[in-house]
Structures are given as C-alpha cells and as structure tokens.
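Trainee: Here the numbering used here is used: the first residue of the sequence shown is 1, the next is one more, and so on.
It is possible that part of the hints are untrue.
To be verified - Computed Cβ-Cβ distance ranges for the label pairs, DEER-style:
| id | residue 1 | residue 2 | range |
| --- | --- | --- | --- |
| 1 | Ala15 | Asp238 | 43 to 49 Å |
| 2 | Asp53 | Leu16 | 34 to 40 Å |
| 3 | Leu215 | Pro236 | 41 to 47 Å |
| 4 | Arg64 | Pro236 | 16 to 22 Å |
No wet-lab data here; the hints were simulated from the structure. Please read all numbers here as calculations on a predicted model, not as lab measurements. Cβ atoms here follow ideal geometry from the backbone N, Cα and C, with glycine treated the same way.
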Amino acid sequence: MQTSKHQLAPWAAYALVGIGSLVMLAPFYFMFVFATQSRGEIFSMPPPLFFGDDFMNNLAILTRRIPFWRNLGWSIYVGLASTALTLLFCSMGGYAFAMFEFRYKKALFGLVMGTMLLPTFMNMIPTFMIMDMLGWIDQPRALYIPGAASAFGIFLMRQFALTSIPRDLVEAARMDGCGEFGIYWRIVLPLLKPALGTLGLITFIASWNNFIGPLIVMRSPEMYTLPLALRSLQSPVDTEWGALMAGSAIATLPLIVLFVLSSRQLISGLTVGAVK
Numbered sequence: 001m002q003t004s005k006h007q008l009a010p011w012a013a014y015a016l017v018g019i020g021s022l023v024m025l026a027p028f029y030f031m032f033v034f035a036t037q038s039r040g041e042i043f044s045m046p047p048p049l050f051f052g053d054d055f056m057n058n059l060a061i062l063t064r065r066i067p068f069w070r071n072l073g074w075s076i077y078v079g080l081a082s083t084a085l086t087l088l089f090c091s092m093g094g095y096a097f098a099m100f101e102f103r104y105k106k107a108l109f110g111l112v113m114g115t116m117l118l119p120t121f122m123n124m125i126p127t128f129m130i131m132d133m134l135g136w137i138d139q140p141r142a143l144y145i146p147g148a149a150s151a152f153g154i155f156l157m158r159q160f161a162l163t164s165i166p167r168d169l170v171e172a173a174r175m176d177g178c179g180e181f182g183i184y185w186r187i188v189l190p191l192l193k194p195a196l197g198t199l200g201l202i203t204f205i206a207s208w209n210n211f212i213g214p215l216i217v218m219r220s221p222e223m224y225t226l227p228l229a230l231r232s233l234q235s236p237v238d239t240e241w242g243a244l245m246a247g248s249a250i251a252t253l254p255l256i257v258l259f260v261l262s263s264r265q266l267i268s269g270l271t272v273g274a275v276k
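Kindly produce the complete structure, drawing on both the sequences and the hints.
Mentor: Right under this line is the structure:
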C-alpha cells in the first residue's frame, strides 16, 4: 500500500503542474486566437476556440488607429538603452560594494536596499517634477536614465561578485599595474556574465512592460511605448478588440521568444550562490 502511494505521488504532482500550466497559458492562447477574429466573432457565444482569418484586417485597423510601428520602435530603443545602462551602472556599483572598503559602506548599501521598500506610486509625482525641470517631458531618455542604477541590480551584482570573484585575483591584477577600470573591464565583467545575462533579461522585460513610466512623462502618441499605445486604443464606446489583441500578440511575441531562449540562464543566475 505504501509503495503504491509513492508511485502515485509523482503523477499527482505532474497532473497538478500540468493543470496549473494550462490555466496560466489559457489567456495567452485566447489572445492569439482573438487576434485573428473580428470584433463580432470575439463576443459571439460560444467564443471562438480556434484561429480565424481576420488578422491582417485587425492589423490594418491597428496601424490606422495608432502609429504602431513607431511605438514598437520606441519600445525596442528604450528597452535596449535601459538594459545597457542598467548593466553598466549596476555592475560597477555591485563590484564596488563587494570588493572595495570605504567609509560608511554598510550605511550606503543599507540606504540602497532601503529604496526597494518604497512603493512605486510614491515616485510618480517626484519623477514628473524632476523630468519637467530637466525638460525631458515627452523624451525617451526620461524612461531609461532615472532607473539606470536599480537597487535590485546592484544587490544582484554584489552577491554574485562576492561568491564568484576571488579577491586574490583582483589584488594580483593591481600588483601587476592594472588600473581599476582595467580590472573592472578585463577581469570583473567576464566573470559577471551569468549575473549580467539574468539582470539584462529582467531589465528588458520590465522596460518592455512598463506602463506607469510612459504614462507620467509621455504626451504625444508618436512617442508612446507599446503598453501605453495599446491602452490608448480602448474607449468606453468604440474599442476594436481584434486590433487590440493583434497588437498585444505582436508585443508579446518578442518576450516569449526571449524567455524561451534564456529561461535556463535566468534561473541559474537567480539561484547562483544559494547552495554552496
């Protein structure tokens, strides 16, 4: 009896995970299905369960209502710029907190970590006021420069540097006459590649899905990123749901491909150092 219970346990776990996966994937499946259906077919009863032939028509409506391809271009630009700056500044900050000794080091690191406790909505008004003072309203730089040195990124880089970069290696490079920037560029960055890949993936996804940031600082529809542009399609009386689903499907595809190609890298980077 006990043996049969041990045999059934893995199958029960697999069944539970399978059911949970289907529930989580169902919204994505219906988004792609509705992207190929007209508005009338979407609201028919029962709703369509298979792909239709109205995708090109929905895409035409989408590009007529909003400058979709321009919005897509801005999303790509902001995502890449945000990722590059975050990797640069967070790797520098994490390396400094891990390998250097200076006054008030623990206090400064505690202050950096304390910023993670602040709710996002508390930054909305200060962010708008600062961007307005700098003249960055309706400018893409307002979306990627303010968050270029994130507390999470600095923490991740510091923890990885502590476990993966030997202090003796850094000291040996200094004794050989290598400058601090040379040590960072030639020795530290190559050793940080797993953590850099993880942080880059997280940062790009967060930037791609960012809705509040563009809502605060963007004014022109031509400067919207995709989340804000797609939200502008909705109205109380005349929402083209087929076009909205088509835009959402196109916006989701890059993230799905990116996650499938780098999911193992993401998991390994997040769990590094967890087990010695």
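Trainee: Okay, leucine 215 versus proline 236 on CB: inside 41 to 47 Å?
Mentor: violated (19 Å)
Trainee: Verify the CB-CB distance for aspartate 53 and leucine 16 against the hinted window 34 to 40 Å.
Mentor: At roughly 37 Å between Cβ atoms, leucine 16 and aspartate 53 fall inside 34 to 40 Å, so the hint holds.
Trainee: Are arginine 64 and proline 236 spaced within 16 to 22 Å by their CB atoms?
Mentor: Because 20 Å falls inside the window, the suggested range holds.
Trainee: Go ahead and decide if the range 43 to 49 Å is satisfied by the Cβ distance of alanine 15 to aspartate 238.
Mentor: holds (44 Å)
Of the numbered hints given earlier, the model fails hint 3 alone.
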